[in-house]
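Could you put together the complete structure from these sequences and hints?
As a plain string of letters, each chain reads:
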Amino acid sequence: MNMFSDNHTAADALVLYGQTFASRLLLGTSRYPSPGVLQAAVKLAQPAMLTASLRRQNLQAGDAATNAFWAMLATLNVPVLPNTAGCHSVQEVITTAHMAREVFGTPWLKLELIGDDYTLQPDTLNLVEAASRLIKDGFKVLPYCTEDLVLCQRLVDVGCQAIMPWAAPIGTGKGPINPYALRTLRERLDVPMLVDAGLGVPSHACQVMEWGFDGVLLNTAVALAQDPVRMAGAFASATQAGRAAYLSGVMPEHDSAQPSTPVLGTPFWHQA
Amino acid sequence: MTSTITVRINGNTFELAAPATLADAVAQLEVKPPFAAAINLQFIPNTAYQHTPLFDADQIDLIAPVTGG
Chain A
1 MNMFSDNHTA ADALVLYGQT FASRLLLGTS RYPSPGVLQA AVKLAQPAML TASLRRQNLQ
61 AGDAATNAFW AMLATLNVPV LPNTAGCHSV QEVITTAHMA REVFGTPWLK LELIGDDYTL
121 QPDTLNLVEA ASRLIKDGFK VLPYCTEDLV LCQRLVDVGC QAIMPWAAPI GTGKGPINPY
181 ALRTLRERLD VPMLVDAGLG VPSHACQVME WGFDGVLLNT AVALAQDPVR MAGAFASATQ
241 AGRAAYLSGV MPEHDSAQPS TPVLGTPFWH QA
Chain X
1 MTSTITVRIN GNTFELAAPA TLADAVAQLE VKPPFAAAIN LQFIPNTAYQ HTPLFDADQI
61 DLIAPVTGG
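Line by line, the protein sequences are chains A and X.
For the first sequence, my numbering assigns the number 1 to the initial residue and increments by one for each residue that follows.
For the second sequence, my numbering assigns the number 1 to the initial residue and increments by one for each residue that follows.
Hints may contain errors.
No farther apart than 30 Å at their CA atoms in a straight line, the calculated lysine-lysine pairs in the DSBU-like style are these [unchecked claim]: (1) A:43 x A:140; (2) A:140 x X:32; (3) A:43 x X:32; (4) A:136 x A:43; (5) A:140 x A:174.
These are calculated hints, taken from the structure and not from any lab test.
As the structure is a computational prediction, the values presented were derived from the model and not from experiment.
Next comes the structure, spelled out in C-alpha cells:
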C-alpha cells in the first residue's frame, strides 16, 4: 500500500536513537478480531515497529495463547517495541522494563506510567524520573506523554532522543484534541516526535504528519475497524501523505478568496 | 519433618520445600519460556534463578509476552 517508491522512503527515513526505519507508522498488536487479521494488517501496513506487552502467566492454563503470540511475532519480522502499560509507579516501570528487555531481547521501550486510570493520562510528575533511570540503564526510551511543552523538554533533557505525545486519551479515537499545544510542541522541540494514542481515522494521522510530527503510533483505530486490514493500509497511506505534504511546504492560509484562474483577460470584464 | 515456605506466585499461594530457589519454583510449576521473573518488585535475571533464595511471603511475578498497544 506504499504510495511512493522505496527510494523516496529511503531518502526520508525515520531515525530514532540513530536507527533508521523505513516506515513512520508504528502499530499496536491488541484487540484484533484474530491473530490472522493482525498478521494481514502488519503485512499490508509494514510498520516500523510493533508494540507488545507483558502480563502474568496463567500457571494453570499453560498459556498456549501467549506462546502463539510469541511465535507469530517471530514470523512477522518487525522490530518489537515493548511497553510498560499498566504501571503506576516508577519502580513498577523499572522492573517491567528490565523484564521486557530480557524477554524480547531489545533495549527499545515504550515508557508508560499511568497517573489516572479513567483517562489513562501519563503520570507527568514521575515520568521524567522514570525516563532518566531507564536511559541510565541503557534503554532506548520512547515515552508516552502529554503534549505539555515543559514536560517534553524535561524528557529530552534527561536523554530521551524521541518523545511520544498523545493526541487524545488511549482508545478514544478523538484525534488531536489540543492542536495548538501539539503544534507549539513541534515548533519548540527539535527531537523526533511520534503522536501516540487517540487517533481514530487516517485523516488524524495525516493531520499531525502535516504539522511536522515524525510518525504515529496507533492500535485501536485499526484493530476495531470493520476491516482492520484495509484500515491498516489506509493509515499507512495517510501517514505517508501527511509526511509528503509537510516536506512539500503547505501554502499560507488566507481569510479572503484568492482566484486561482488568472483574472487578466477575463471576457466580458466590466461590460455588464 | 520437612519445613516449607509459603510464597505468592502470580497472585496464587504455593508451598515449597525449604530451602528453595527461584529455579526450584520455576521447575516445580513447569513454567514455559519465554518469561521473566521478579521477586517483591525486583527484577531477577534468568542467569540468577539458581542463586536466588526464596523466603516466606515472597511475592513472585512470572510474566510472559502478550499483545499490547
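Evaluated hints:
Distance check on the hinted pair: residue 43 (chain A) and residue 140 (chain A) sit about 25 Å apart at the alpha-carbon level, within 30 Å; holds. Our distance criterion of 30 Å between C-alpha atoms is met by residue 140 (chain A) and residue 32 (chain X), whose separation comes to about 28 Å. Straight-line distance between C-alpha atoms of residue 43 (chain A) and residue 32 (chain X) comes to about 29 Å, which keeps the hinted pair within the 30 Å bound. Taking the CA atoms of residue 136 (chain A) and residue 43 (chain A), the gap is near 35 Å; set against the 30 Å cutoff, the hint is violated.
At most 30 Å may separate the alpha-carbon atoms for a hinted pair to count; residue 140 (chain A) and residue 174 (chain A) meet this at roughly 29 Å.
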